[in-house]
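There are 2 protein chains.
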Amino acid sequence: MQEFRLIAKIRELFPTPAGMTGIGDDCAILPQGDGQDLLVSTDLLVEGVHFLRDGIAPFDLGWKTAAVNLSDIAAMGGQPVATFLCSALCGDLPAGWMLSFLEGYKAVSERFGAALLGGDTSRSLSQLCFNVTVLGRCPSNRAVRRNAAWPGDRICVTGFLGDSAAGLKSILAGLAETPLVQRLRTRHTRPFPRVEEGLSLAGMPGIGAMMDISDGVAADLPHILEESGTGAVVDTTSLPLSDELRALCTAEGWDAVELALCGGEDYELLFTCRPDARIPVPHQVIGEIVPGNGIRWEGSDRDFAGFEHKFGK
Amino acid sequence: MQEFRLIAKIRELFPTPAGMTGIGDDCAILPQGDGQDLLVSTDLLVEGVHFLRDGIAPFDLGWKTAAVNLSDIAAMGGQPVATFLCSALCGDLPAGWMLSFLEGYKAVSERFGAALLGGDTSRSLSQLCFNVTVLGRCPSNRAVRRNAAWPGDRICVTGFLGDSAAGLKSILAGLAETPLVQRLRTRHTRPFPRVEEGLSLAGMPGIGAMMDISDGVAADLPHILEESGTGAVVDTTSLPLSDELRALCTAEGWDAVELALCGGEDYELLFTCRPDARIPVPHQVIGEIVPGNGIRWEGSDRDFAGFEHKFGK
Numbered sequence: 055m056q057e058f059r060l061i062a063k064i065r066e067l068f069p070t071p072a073g074m075t076g077i078g079d080d081c082a083i084l085p086q087g088d089g090q091d092l093l094v095s096t097d098l099l100v101e102g103v104h105f106l107r108d109g110i111a112p113f114d115l116g117w118k119t120a121a122v123n124l125s126d127i128a129a130m131g132g133q134p135v136a137t138f139l140c141s142a143l144c145g146d147l148p149a150g151w152m153l154s155f156l157e158g159y160k161a162v163s164e165r166f167g168a169a170l171l172g173g174d175t176s177r178s179l180s181q182l183c184f185n186v187t188v189l190g191r192c193p194s195n196r197a198v199r200r201n202a203a204w205p206g207d208r209i210c211v212t213g214f215l216g217d218s219a220a221g222l223k224s225i226l227a228g229l230a231e232t233p234l235v236q237r238l239r240t241r242h243t244r245p246f247p248r249v250e251e252g253l254s255l256a257g258m259p260g261i262g263a264m265m266d267i268s269d270g271v272a273a274d275l276p277h278i279l280e281e282s283g284t285g286a287v288v289d290t291t292s293l294p295l296s297d298e299l300r301a302l303c304t305a306e307g308w309d310a311v312e313l314a315l316c317g318g319e320d321y322e323l324l325f326t327c328r329p330d331a332r333i334p335v336p337h338q339v340i341g342e343i344v345p346g347n348g349i350r351w352e353g354s355d356r357d358f359a360g361f362e363h364k365f366g367k
Numbered sequence: 055m056q057e058f059r060l061i062a063k064i065r066e067l068f069p070t071p072a073g074m075t076g077i078g079d080d081c082a083i084l085p086q087g088d089g090q091d092l093l094v095s096t097d098l099l100v101e102g103v104h105f106l107r108d109g110i111a112p113f114d115l116g117w118k119t120a121a122v123n124l125s126d127i128a129a130m131g132g133q134p135v136a137t138f139l140c141s142a143l144c145g146d147l148p149a150g151w152m153l154s155f156l157e158g159y160k161a162v163s164e165r166f167g168a169a170l171l172g173g174d175t176s177r178s179l180s181q182l183c184f185n186v187t188v189l190g191r192c193p194s195n196r197a198v199r200r201n202a203a204w205p206g207d208r209i210c211v212t213g214f215l216g217d218s219a220a221g222l223k224s225i226l227a228g229l230a231e232t233p234l235v236q237r238l239r240t241r242h243t244r245p246f247p248r249v250e251e252g253l254s255l256a257g258m259p260g261i262g263a264m265m266d267i268s269d270g271v272a273a274d275l276p277h278i279l280e281e282s283g284t285g286a287v288v289d290t291t292s293l294p295l296s297d298e299l300r301a302l303c304t305a306e307g308w309d310a311v312e313l314a315l316c317g318g319e320d321y322e323l324l325f326t327c328r329p330d331a332r333i334p335v336p337h338q339v340i341g342e343i344v345p346g347n348g349i350r351w352e353g354s355d356r357d358f359a360g361f362e363h364k365f366g367k
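Chains as they are written, first to last, in our numbering: chain A, 55 to 367; chain B, 55 to 367.
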């Protein structure tokens, strides 16, 4: 069963109670009755699927484990409040490994004011496994959802796209660690959740839909389109590409546009807004929401498809 | 690093903000400002450590995965509100397996009014892995904590102890599935969270400390004692043992008292209360809180020790 078929089955089996927002966005939304909404997201990271133990330092893995969850709160325009960490650890883990992991986890959590309030520790036979649940909050009905894009909206992203994917590719290819390669790898190992940007965008008149980019624009933008019932045109010549990404792609013969659209793990914000909105954060316009469905890629004759987990039969 | 040393390190690294209750109880407690407290707990289940795929039907595993988390809300005297389910699934999973799992999960969730509001699905290389986060609520400052036992309190449990452990032992020993064995196995595979009992106890004048029994009284009672700064006397002749447990232990030569104290996975409530409290739920008094520390086991010359996950070096 593919991931999205399974999720569709779960949505069918488990209807969301009135007043709450459940499956289908970066976070669930639970009204709290005091003028605030509670935001909740949770993510499981499994060794060999989501990370390679030898491919990332434990400090960085701890950082990233917290950061990608804080990014889900940022994606709704919320303020992180607390996280919960579950770990299943293997017996062959070196002394100090978990301590380094926790220090990385703490560094990014403190930066964004999220307390660690609980969790669970146990052992695992062969694969390290971590789960983070993050709680955030926002004023009632102010969370920015995926279903609010409208034809005519501009499609925008914060930051650069593709750096993280290039960093990962450089690790897998065993490239020497030049300063340029190092900068791209840091973008992969220590993503910086766009919490402040998300808060600013949630307060912007004319904001439409928003999500964070975890699987690449080519895989993530369709979620906004499906939830909003719209299509999109993306100008592949307008993608925000860093100098480092361009330089490494030139040197290695890699396709920067493909990395930017399909690579994933950028943890930048992808949002739409009315054309006359005054956008309060650094961003790049990469396309436009149009009636219909699907994505038309301008400036390229290629079709870009994202990554999907596959399992079952 | 042993589990409790790791948890101690986490508590040291991550102080809990004023007003919140973090690590050290069945749930974290976050005041919501509307006369309600939010309760949060999360648990990771890993194949080969917490369950054997061939040892439990997928419906039962789904039931149990939700039930043990709902039990954490029961343990605080709270009302379950919502759960979040993360799954990492292996490619060799038969068609329909996950659907049965979800049906079991749904059956117990609906019984206790908990909506499934989100989660995450991905693949895993070799071990199935599930994580549940559960949210509950209770009136402000009414959550029953582990740190509120007082010398002179009675120590009580709901239901029977040891049935679940005997059910598991019968599976591992390959015993034939007689009706008696079947009843004990059901106690292992479909634990029934004591949500109503927990709510009643939370409203009882004279309630002291409370938790649910996941690792066995011998391993769990020390948490109450440590958090409360007290000791206990437990009368091992007064444990609530079911007729089924007694019969199977007699037939197989198993030690019923050991299963009741050390077996775990009962998911009954362990609570303390003033001696004159009018306890509104079926229960058994098994001992008394005393000054000092540690547990004195009356009626036995044995020392009972619970199970602890070990990992790292």
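Careful, some of the hints might be misleading.
The list cannot tell twin chains apart, which means a pair is met if one copy fits it or any two copies do.
[Stated by the list, open to error] With a straight-line Cα cutoff of 16 Å, these simulated EDC-like cross-link-like pairs (lysine to aspartate or glutamate) come out: (1) Lys223 x Asp309; (2) Lys63 x Glu306; (3) Lys223 x Glu312.
Hints were generated in silico from the structure; no laboratory data involved.
Consistency of the hints with the structure:
Proximity of lysine 223 and aspartate 309 under a CA criterion of 16 Å is satisfied intra-copy only: 12 Å inside one chain copy versus 57 Å between copies. In the homo-oligomer, the alpha carbons of lysine 63 and glutamate 306 never lie at most 16 Å apart, since the shortest distance is 43 Å inside one protomer and 44 Å across protomers. In this assembly of identical chains, lysine 223 and glutamate 312 lie within 16 Å of each other by CA distance solely inside one copy; the values are 12 Å within and 54 Å between copies.
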